[in-house]
Amino acid sequence: MRRLALLIAGFVIWSAAFLAVYALQATGCAIGMEAGLLRGLLILCVAVGVAAGAVPLWLARRGGVLGQSATIAAAAAMASTLLTLSGVFWLGPC
Amino acid sequence: MTPIRRHKELDRIWRTAPGWGRLAAVNHTVIGKRFMLTALVFFAIGGLLAMLIRIQLASRQSEFMEPGTYAQVFTMHGTIMMFLFAIPFFEGLAMYLLPKMLGARDMAFPRLSAYGYWCYLFGGSILIAALLMGAAPDAGWFMYAPLSSATYSPGINADIWLLGITFVEISALSAAVEMLVSILMLRAGGMSLDRMPIFGWYMLVVAGMMLVGFPPLILGSLLLEAERAFGLPFFDPTRGGDPLLWQHLFWLFGHPEVYIIFLPAAGVLSTIIPVFSRHRLVGYRAIVAAIVAMGFLSFGLWVHHMYATGIPHLSLSFFSIASALVAVPTAVQIFSWLATMAAGRPRFSIPMLHVFGFMFVFVCGGLSGVMLAMVPFDLQAHDTHFVVAHMHYVLVGGFVFPMMAAAYYWLPHMTGRQPVQHLSHAAFWTIFAGFNLTFLGMHLTGLLGMTRRVHSYDDPWWEVLNFISSMGGFVTTIGFALLALDLILLMLFGRPFRRDPWRAGTLEWAMPTPPPSYAFASIPMGDADGPSLAAGKGLLATPRGEMETLGVDPLTGRPEQIVILPKPTFLPLLTALATGGVFLSLLFKLYLLAPVFAVAVVALFLRWTAAMPAPAVLDAGQGLMLPNHRAARLPPSLLAMRFIIAADGAAFASLVFGAGFLAISAPGWPPADWPGFGWPAWVAVAGALAALALPGRALMPQVVTVAGFAAILWHMEGVQDHAAPASLAALATWGAVHAGIGAVLAGWAAGQEDKRLSVQWQRYAALVTVVAATFPLLLRLLAEGAA
Amino acid sequence: MLFPAGPAAQGIATLWWWMFWGGAAIFALMLALFLWLLLRPAAGQGIPARWWIVGGGLVFPLPVLAALTGAALWLGEGTLGGTAPTRIEAEARMWQWQFRYPDGSATTDVLHLPAGRDVEIVVTSPDVIHSFWIPRLGGKIDAIPGHANRIVLRADAPGEYGGVCAEYCGTGHVDMSFTAVAEADWGRE
Ligand code: HEM
Ligand SMILES: [Cu+2]
Ligand SMILES: [Cu+2]
Chain A
137 MRRLALLIAG
147 FVIWSAAFLA
157 VYALQATGCA
167 IGMEAGLLRG
177 LLILCVAVGV
187 AAGAVPLWLA
197 RRGGVLGQSA
207 TIAAAAAMAS
217 TLLTLSGVFW
227 LGPC
Chain B
3 MTPIRRHKEL
13 DRIWRTAPGW
23 GRLAAVNHTV
33 IGKRFMLTAL
43 VFFAIGGLLA
53 MLIRIQLASR
63 QSEFMEPGTY
73 AQVFTMHGTI
83 MMFLFAIPFF
93 EGLAMYLLPK
103 MLGARDMAFP
113 RLSAYGYWCY
123 LFGGSILIAA
133 LLMGAAPDAG
143 WFMYAPLSSA
153 TYSPGINADI
163 WLLGITFVEI
173 SALSAAVEML
183 VSILMLRAGG
193 MSLDRMPIFG
203 WYMLVVAGMM
213 LVGFPPLILG
223 SLLLEAERAF
233 GLPFFDPTRG
243 GDPLLWQHLF
253 WLFGHPEVYI
263 IFLPAAGVLS
273 TIIPVFSRHR
283 LVGYRAIVAA
293 IVAMGFLSFG
303 LWVHHMYATG
313 IPHLSLSFFS
323 IASALVAVPT
333 AVQIFSWLAT
343 MAAGRPRFSI
353 PMLHVFGFMF
363 VFVCGGLSGV
373 MLAMVPFDLQ
383 AHDTHFVVAH
393 MHYVLVGGFV
403 FPMMAAAYYW
413 LPHMTGRQPV
423 QHLSHAAFWT
433 IFAGFNLTFL
443 GMHLTGLLGM
453 TRRVHSYDDP
463 WWEVLNFISS
473 MGGFVTTIGF
483 ALLALDLILL
493 MLFGRPFRRD
503 PWRAGTLEWA
513 MPTPPPSYAF
523 ASIPMGDADG
533 PSLAAGKGLL
543 ATPRGEMETL
553 GVDPLTGRPE
563 QIVILPKPTF
573 LPLLTALATG
583 GVFLSLLFKL
593 YLLAPVFAVA
603 VVALFLRWTA
613 AMPAPAVLDA
623 GQGLMLPNHR
633 AARLPPSLLA
643 MRFIIAADGA
653 AFASLVFGAG
663 FLAISAPGWP
673 PADWPGFGWP
683 AWVAVAGALA
693 ALALPGRALM
703 PQVVTVAGFA
713 AILWHMEGVQ
723 DHAAPASLAA
733 LATWGAVHAG
743 IGAVLAGWAA
753 GQEDKRLSVQ
763 WQRYAALVTV
773 VAATFPLLLR
783 LLAEGAA
Chain C
3 MLFPAGPAAQ
13 GIATLWWWMF
23 WGGAAIFALM
33 LALFLWLLLR
43 PAAGQGIPAR
53 WWIVGGGLVF
63 PLPVLAALTG
73 AALWLGEGTL
83 GGTAPTRIEA
93 EARMWQWQFR
103 YPDGSATTDV
113 LHLPAGRDVE
123 IVVTSPDVIH
133 SFWIPRLGGK
143 IDAIPGHANR
153 IVLRADAPGE
163 YGGVCAEYCG
173 TGHVDMSFTA
183 VAEADWGRE
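Residue numbers (this note's numbering), protein chains in the order written: chain A, 137 to 230; chain B, 3 to 789; chain C, 3 to 191.
Because the hints were derived from the structure by calculation, they are not lab data.
Check each hint, because a few of them may be wrong.
Covered stretches of chain B, going by a simulated chain A footprint (3 or more residues, C-beta under 8 Å) [what the hints assert, rightly or not]:
| id | stretch |
| --- | --- |
| 1 | 363-369 |
| 2 | 421-431 |
Simulated restraints on C-beta separations [stated by the list, open to error]:
| id | chain 1 | residue 1 | chain 2 | residue 2 | range |
| --- | --- | --- | --- | --- | --- |
| 3 | B | Lys10 | A | Val148 | 29 to 37 Å |
| 4 | B | Leu39 | C | Arg52 | 28 to 36 Å |
| 5 | B | Gly70 | C | Gly161 | 52 to 60 Å |
| 6 | C | Gly161 | B | Gly136 | 39 to 47 Å |
| 7 | C | Pro50 | B | Lys10 | 23 to 31 Å |
| 8 | C | Glu122 | B | Leu39 | 34 to 42 Å |
| 9 | C | Pro50 | B | Leu783 | 54 to 62 Å |
| 10 | B | Arg505 | A | Gly200 | 58 to 66 Å |
| 11 | A | Val148 | B | Val739 | 23 to 31 Å |
| 12 | C | Gly84 | A | Arg198 | 36 to 44 Å |
| 13 | A | Gly200 | B | Phe495 | 46 to 54 Å |
| 14 | B | Arg644 | A | Val191 | 57 to 65 Å |
| 15 | A | Arg138 | B | Gly547 | 49 to 57 Å |
| 16 | A | Arg198 | B | Ile15 | 41 to 49 Å |
We put the beta carbon where it would ideally sit given N, CA and C, even for glycine.
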């Protein structure tokens, strides 16, 4: 079961980052947070998400059953976090 | 023991009795076929409705149907195709195939398969009955509030959708749990996960998606029904509700849904293409990663159905990019199939013809999908016939064509007869031509500005295009009729064959066809072929009078236990009838009757546990001694309980999200006076903490929790006046129900040696209680912050 | 949408034609590959598997998707969520449109716009969800009860443009169309 968890870990992190950024942005806009501050927080969230994505990638390096699939999935998840949320760097926050 | 004698003895144990005994069937082959056949009947009904739509739209200002009738027709067409055809069809296919591909004799919970089937049949029949009586749902298949709320849809129509579909979804959830456990635990000895047939991987991910994808819809339906029936204003903007909440909950389910439909079809393709390419599947590991990626990414797209609802552009960008990104794992799979074809020597045959149909139609639909993912373009194309064309390219290309390939490929397995190829080509080309004739031009109709769900129009150019589409629709229907005829001819006159006509090499072909009730005479261990299995060279070759199959370690496939499955029984049917009683009493507003049926359902479910074997260690053959599942470290039921909790958690998370969403986004917040839970909340929490501390003796603690929530609900005021008290009442009800289930389980477990099932639930229910009881504080914080 | 009459619709039409030709090319390529492999068995045996999967699954789609999505977001950032000094209120109800202008006047099912100038249209609904759409001028915006949504549109030249309700809103949905009249001398300020 551990190996199975490793296979999905990267994308679980992607989901968490996605939800966190989406919720933070919606809440920030709703409570009228200052734009610069909101963008800063969003970027921080994305950075944490990408960094956390490195953990399963690193763990999967040791190979074993499903090791290669886990490596691909973790790398894909890490890239997905950065790409899907890349709007925070250049689009208006609200 | 001779193969013949083994066959006779095994069949005596496993077969379904004839006559009335059929109603007690639990066997996966029988139930799987029933699912598929029933789904095909619904497909025919949905197709008939499509023809009515096409007749209506064939000319301008058509008088064929009134607007109200037309609304029922397109709503039911969409609803039937999605909920009563596509999902149940692949569930049936998976149920039929999975055990046979993985080397098991049945699914992990055969009675649950049967129960799911009856729920599906009864729920679907409620919808069809409503259609015949002219009281069918009419607000579109996504039932947007407030059009579907009591003010604007006062009749029973919307209730039929909400309750009927929820009833049907019970079967989807039970199938999800069942597939997860079966794939993970019931396999051939030594079949590790990374050597499992790829179809197993697809269904594993699909089942996981269903487990978290369906709960938001079920929750949303319950909330909307609560609003319609009891006036709790979750979606009414004049009382602190928000129509957008419905859209979020619906599409949180609705988008993953289309991938839930596509992935099993992709699994079929990944199985068939290597066989006809005469080469093993290339890129197995990349495909596994791609399926996982698709499974997750498809949950990050739901807002692409809501681009026009006024959500900030930055939020839209997340969903737009994710929508574009999901094309990447799709491309990985398609190119793996191409690589397989390149590495092998493809041969042409009827299933491959349908694979070509898939390639052509699905790639086209995928490309228009990427276009629609682009926000500005979607703002033009949204809700037009461009979208209607797109979704049919994806659904027909990504599901119907692969399923037709599957039919030609596996019908010989079900019937033991090989195709007679007279009509097969004609049927394919008629469907293919008719389909493209119907929907290719429809892209243009949409781009010219024709919106969907209209029953008449004025423009003469649109009439030309629509007329072509209608003709194409009739051609498609003729094609489907030819296909049906061809398949019937195959069943009647096909040549019988001995094993494995396609030289496939997967385990489902290592058995006689049509398959015997017990599937495998002995369970494969390591490399196995049909004759040696029949000769008893596998595991569990000696019949002992019980329905036995092998349970393995989920990862490595090491044999771990002997799972003893339940015999055919009428209990699933009775339980489904009682469940139907609950839904019908809600539908006809007999609110005093509903609890009576609910108690009957609980009592019947408890009856299911009566016939459990005693813990024991048994001889599995080949010198292997294994515990039966009652004595095993991780019995299938325990794993199932974890998945049930995960699904329930997804619904609970949706509820918490919903309340929070209203506090931030809905107009009319914060409410004039804040409802609180007061002291009974502490009683509920105290009960929960006691249950956590003593999960083995949780009966009294859970009763205390129920009492606490009951007191909260008793004191609750103004639930019909504002969504804030309504949400809190929903949370308290949720807590009470879960603690109540906890109490029942604890009472049941008191008489059991093994309390692990109950203990897991007690822990989870306690967590729910703590969150539900403290949530009012958080909600207040959110609402005041937003104000 | 194929006959744009304003900058918002123009941008989308340009995007569409790019996507159409690009999509057609990709479609032809995919189909050709498939048929080539199917009808000429052993044709592709010289190409290693990795090339197919990495090339077709990553190297090819990623840049294409990135360029397309980037361009579309850039386009969206310029047209969505903007504001304009001239504001018209549109109220959608079952099943007609009420337009109110800055000078206090109002019309039903006819929308008068100044030609050649950005206008902000604020869309609301008192009953169910509707959607405001003038195909030749730009995208849609939903009229959702409890929310006020806005869209900025411009008609380049005076003339009449058809408008509809795009979200199904009950039996009168089809009849819920309106006419947008762009006028050179508008005079409703
Ligand atoms: C011969 C085959 C089919 C034809 C001719 C057909 C025709 C149509 C048409 C014309 C509409 C648009 C109705 C409108 O906007 O007024 C429609 C809607 C729809 N169709 Fe089909 N269809 C076919 C098969 C399918 C299949 C196989 C599926 C799914 C597996 C499907 C799912 C849907 C859905 C979800 C809708 C949306 C319904 C709504 O707007 O509420 N259709 N169909
Ligand atoms: Cu979608
Ligand atoms: Cu409408």
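Okay, which hints does this one fail, numbers in order? 1, 2, 3, 4, 5, 7, 8, 10, 12, 14 and 15
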